[in-house]
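Peer 1: Numbering-wise (our numbering), the sequence shown opens with residue 241 and increments by one.
Because the hints were derived from the structure by calculation, they are not lab data. Hints are not guaranteed to be accurate.
[What the hints assert, rightly or not] Listed next, the in silico EDC-like pairs over lysine to aspartate or glutamate satisfying Cα-Cα at most 16 angstroms (straight line):
#, residue 1, residue 2
1, 369, 329
2, 288, 309
3, 288, 270
4, 288, 321
5, 369, 309
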Amino acid sequence: MSSLAPITFECRRETTVSLTEIVDNILVPETWVTFTGWGPLPGIRTAKIEHRTPDLEGTRFRVISTNGDTHAETIIRWESDRVLEVRMDEFPSPLNRMATHFIERWSTVGNLMTAGHHTVVRSFELHPKRRAARPFLRLIGFMMRRAVNRHSAAVLAPA
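Could you build the full structure based on these sequences and the hints that come with them?
Peer 2: Written as structure tokens, this is what we have:
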């Protein structure tokens, strides 16, 4: 595993959708096609659950992108209505030569119950294998940020 600092970014969206509702949707692979990508960054064609655990941690998905590439996504942390962390790995070439893995973290700011809305924060860590990969991962992060903002607008009801 690389000791290089990850490339990071985050996207925020005010919403009335709880984190539990978001996770419920994530557990329905047919909903994953709402991630449409951005520019040359592909969207998601299909996803399937490869392994499901009772507490969700360790639940693993196989994802096929619109360009035919595949990768894995595994829930590594779930604290009900507080935080969800997903690890993305098993990337296709050339990404598998540039990054060990990505982490996507969903968290919330504010209190949905008292305010009637809150902010969902999707933060990302792109972990490079080597220093020379950082510019490539910055470019991927730029495209991912736009794709994630578009995806969040589509799946999170406005507050």
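Peer 1: For each hint, tell me whether it holds in the structure or not.
Peer 2: Hints, one by one, checked against the model:
1. 369 x 329: holds, 12 angstroms
2. 288 x 309: Given that 16 angstroms is the threshold and the Cα spacing comes to 14 angstroms, the pair holds.
3. 288 x 270: holds, 8 angstroms
4. 288 x 321: Violated, because 24 angstroms separates the two Cα atoms, which is more than 16 angstroms.
5. 369 x 309: Not satisfied, since the Cα-Cα distance of roughly 20 angstroms exceeds 16 angstroms.
Hints 4, 5 from the earlier list are contradicted by this structure; the remaining hints agree with it.
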